[in-house]
Amino acid sequence: MNQSDYKKTSVLIVGAGPAGLSAAITLKCKNPNAKICVIDKSHEPGNHNLSGAVIESEVLAQLLRPVDKNWALDPLAKDVLVGKVKRDNIMFFLGKKFSFNIFFVMALAKKFGICFGQMLHGDDYIVSVSKLTKWFAGIAEKLGVEIVTGFAVEDIIYDSQKDIAIGVKLVDQGLDKDGRPQPNYVKGEVISADAIVLAEGCDGLVTERFIEKAALVREMPQLYSLGVKELIKVSDAQYEKFTSGRVVHAMGYPLWTPVLGPAMFGGGIMYPMGKNQIAVGMIVGLDWKYCDFNPQDALTNFKNHSFVKKFIAGGTIVQAGAKMIPEGGYYSMPRDARTSAIGSGNVMLLGDSAGLVNMMKIKGLHNAIKSGIAAGTAIAENTQSSVALASKYTELLNRLGVINEMRSARKFRQAVAKLGPLFGMPLASLGQKTPKFTPEEDYKELSSKKYKYKPAKNYDKDTFTAMAATTHREEQPSHLKIINRNTCAQKCTPKFNSPCITFCPAGVYETVAGQVSPANPSNCLHCKTCQRKCPFDNIRWTVPEGSGGPRYQNM
Amino acid sequence: MSNFIVLVKQVPDVTQITDNAFDPETGTLVRGRLASVINELDTCALAMAYRMKDISNSAGKIIALTMGPPMAAEVLRYSLARCADKVVLLTDRALGGADTWATANPLAFAIRKIVKELLGGSDDYYVVAGMQSVDGDTAQVPAQIASELEIPCIAYATDVEYNSGRFEFERIISRGSQVVSPKTTPAVITVAKYEYPLFASFAATRRANETELIQWTAADINAAAVGISGSKTRVIRVYPPGKTNRKCQKLDTPDALAKILKESFSKSDDSKAALAAKTADYILPAKRAKKFDKSFEGTQKENNDYQALAGLLDELAIKDVSEITEDVKEKILDSPAASFHKKALGDMLASLSLREPAYNGQVWVVAETNDGKIHPATFELLGKARHLADSLDTRVGVVIAGENVQSYCKDLIAAGADCVYTAEDKLLKEFDPASYSKVFEQIIGRHWPQIVLFAATPRGRVLAPMISYKLSCGLTADCTGLEIRDSSRKAQTAVLMQSRPALGGNVMATICTKDSKSQMASARSGVMKRLAPDPNRQGKTINEPIKITDKDISLDIIKTEMSSGSVNLAAGIIVSGGKGMQNRDNYEKLLATLSESLSKSLKTPAERGASRAAVEQGFVDRIHQVGQTGTSIGPKLYFALGISGAIQHMIGVANSEIIVAINSDPNAPIFRHCDYYINGTVEDVVPKLVKALA
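For the protein sequence lines, the chains are A and B, in the order given. Counting in the working numbering, the first sequence runs from 1 upward without gaps. Counting in the working numbering, the second sequence runs from 1 upward without gaps.
By construction, these hints were calculated from the structure, which means they are not laboratory data. Take these hints with a grain of salt, some might be off.
Only pairs whose alpha carbons sit at most 25 Å apart, straight line, appear in this in silico PhoX-like list of lysine-lysine [unchecked claim]: (1) B:K247 - A:K187; (2) A:K30 - A:K142; (3) B:K547 - A:K457; (4) A:K481 - A:K177; (5) A:K8 - B:K247.
Derived list of chain B stretches under chain A, where covered just means 3 residues or more per stretch with a C-beta under 8 Å from a C-beta of chain A [to be verified]: (6) 400-410; (7) 674-684.
Quick caveat, the model's predicted, so the values are computed rather than measured. Note that beta-carbon positions come from the ideal geometry of N, C-alpha and C, so glycine has one too.
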């Protein structure tokens, strides 16, 4: 092949995560001759993937059975699937000391068919999504899929007349801080493909560009949450006490104290990850109101709660990271206005890019994989022109039950967003009968109120980013853009005291010489919270050179 | 039409050390648990080769060559995705476990095969390599390849230009830079820095993944010395570097800090003198009080074993090793006090019967002169050589070469030398690695000292590998410890144990020479202590006959610049500023006054450093950047102003003897990683401190 042929492929998958790789695996199983290229901005597959996580065992079988009937016996599978959930703690924390296990409430709910019953995790596998992704990548490569990491896509080339995407444009490499080409400058190549799968994860850069270019619509704005997580190595005794099959999901303190305290949506998690390591995380809806709030502060409080502390006290943090979750659900899925397809023409949106997280289950991994199966099948079975792909894909998503599942949880998150947890949660138990609320974008919710449980000491963000092993080439232009600096100085700082400095989990933003600026872009963890929580919608996250960002191994 | 053979190496990624990378038992870094990457300086070598091809409009090829296990193919694909036209993987079990000698040799043979088979026998080629690898850190292999191929070697290159049909290389020399051009091709170029490593393109990456590699075995290249058996050094043990526990002491006033600094600098001057004056801590077997005393072994276990054995031999009333019959051996093995293996006992007894040292001859130092002065590192080596020679009951020699070197002899004798061997010739006016190594080879090969020490300066680190290779001697680079010990299990007495950090300072290794007539090592400057000069010392000067011709001059020196303005991050005091300096003016003003006053008051050279953040804010040029992503440093005093102390920064300064921090944030993490700190603004504290130091 000559050099220019390497700039073409039949199927281009943007994002080597669970969704994109599932699409590649499925397609390759159905059509071994398919030319598939998966591109990812991370250094290695899995480096940019972070989740809890628990995964429904059935969906894994659905994906991997066509590859190998005995997939579960693969030694790599045993390494990735840490164990099955045996003890499912659903806790409610009241203050720093008290905790109640409300599992029985959920179990009852399940019995009576009330939607909250979905929250149970029995028979799920406990996994690290970075490891899961790396495993999937290995499987895909063995099947003959090309996975090219270290290259970032900055745009999609779309012909709106013909409703077809021609290809993608990669980010330029070798620009200096001021955007001038250095001697080693390489212009971003244009990669063309017949079918394009956008599986970038939450708030995907190219996905959002595509939504704009192809005029896809969301019935309601997407809602986000930020998850921050530490992997903590604890003593033998602590780990044994926690037990290797237990997962903990906790509501209440430090995010929500009914009537008296703060009222935020979210909660804490504790998952055992093997080798004496417990993942401790805090997930907070981005619609928080408190201008001095940082989810890492909530994590500190959670770790100091008497229920959590006994398992992790004295432990050492071995890895850390942060990532956003798209929580809007059914009403926030971007769709073609005419066909209702999740995508358009030859472009399909998968997984978190499409917002396929079910907030009743607090899970999206199963839907991401199912969307991959649907996309792979759609490409394999599509005999018409590629323009029909997105519709075909959406039809298959429906057939796999994804759309229905998303529908069943459609009103929950919005109700809480609108009414707060105290009234929103009980109301949401009405399930389908819950009234339909249309919330605003998260960033509009910020107020000058303060977080009541602010810890005395600032969270150590330097160690956090070091434990995420994040790196970027220092001399490139800052990939974080402030649209209007006057807005920061004249509106935001006086009113909210520059919340980006507080909430960015990587400490990217600082006041330098009296001006708020993204002073440490190379610390960025690619969570993109800044562009969704800046109260004046004044920050844009653009993509840095490939290979940059965190290097999660076991998150 | 020049061609370029680029040497690339796969190394463990020492910048991303995971928590499980350390062996819980021994505390050492387990190499297999680290991710593998291409050696960073080799990426610079690729970029330099590409630049050379580009500026000379060459239609020649770039060929990447690596030696390693099959997985080293990854660095060849890395090269293909950037600029390489062809790649060669030299892989064979027989090549494993090699030291630099047995690495350079097969690589040179592979280069010969590449020239013959892939370049049509053309002599117009350059071997371009990173100056050193982060794992071994020896900087020996490229120079040794130049020795084997008998071609010029330009070390420490930082830039290249193409003028009137030839390449001119800018390179680092001690306290300056030089522009040189090799007189002939082929030539070896080692790259110390090159700012713009190449990016991969998407298309070339896909092509690289499909390209078939050329793969050769040891038999294919037919090299003379490979693997463990071809090596000239042996690793005795690997151990964790000593942990430093910082004091983290809070000081309330700049006056208190000034007092402590003055005290610790004057105190350490005393201890420096004490160290150098220390007498021998090794006693030759013939002089030991007890015949079976072997308290000079490598590890604690070995010492314990010998002690147990000596006790048993006493009990059995054995007076001489010759009295030990099979019967006695059985008794020893049966004894509950000893738990030796039969083979170990055999080794130990064999070593007890050895009374003669493994090596004979003097302890030599290869002197370096610069700008009409003896390099300070030469005096440090003399202090060490004196110490070693006293242990071995032998004399200290210095060998020095130049156009006119008689004037240096007196100072060298005063610093501890017994004999000064001089080589003088007009052709030695300027330093040239080929001519100087030829001269030193002749003199060392004539006298065969048992130990030859080089300073690990830019000059020493190219000379030492060339000389040792030609003389078929083992060489350990950049040592921080040199001691005489017995190596009993291998039945050698009074050998030089050479200790050095490896894997980016994450492990220490003790190495000794084998199958060599002389033990050679280069020593890191600033670690060994010089003796106080004694003008009354007696010594003799010996003029050595040498043979060189102008054909032995390998480089044209086009320009030499000795700059005072260059950054010397090896200075004894580094004063660094971080983002807390607020602006460039503050950074410049406060750092200049503080470093000047510290330097004056503590009588130690000071240099300015900066955190990554300060460089990003444009307070100072990137060459000043200290830390994991900048330069890793180990000064006597590290002074951090307005630096928060991110882990990445602290790793880069971990080798500092004393760390002082000034920061206005009471929670600054640096306060947990320093010796002394003041909580306050730099604008307030620095002027007060300067006053207190005066």
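For each hint, the structure was consulted:
1. For the hint linking K247 (chain B) to K187 (chain A), the alpha-carbon distance of about 51 Å lies beyond 25 Å, and the restraint is violated.
2. Taken as a hint, the K30 (chain A) and K142 (chain A) pair is honoured in the structure, with Cα atoms around 15 Å apart against an allowance of 25 Å.
3. For the hint linking K547 (chain B) to K457 (chain A), the alpha-carbon distance of about 72 Å lies beyond 25 Å, and the restraint is violated.
4. Proposed proximity of K481 (chain A) and K177 (chain A) is supported: the alpha carbons are some 13 Å apart, at most 25 Å.
5. Taking the CA atoms of K8 (chain A) and K247 (chain B), the gap is about 60 Å. The hint is violated against a cut of 25 Å.
6. Counting residues of the region 400-410 of chain B whose beta carbon lies closer than 8 Å to any beta carbon of chain A gives 0, which falls short of the minimum of three for the stated coverage.
7. Interface restraint, the region 674-684 of chain B with chain A: violated (0 residues with C-beta to C-beta distance below 8 Å; minimum three).
Checked against the numbered hints given earlier, this structure breaks hints 1, 3, 5, 6 and 7; the rest are met.
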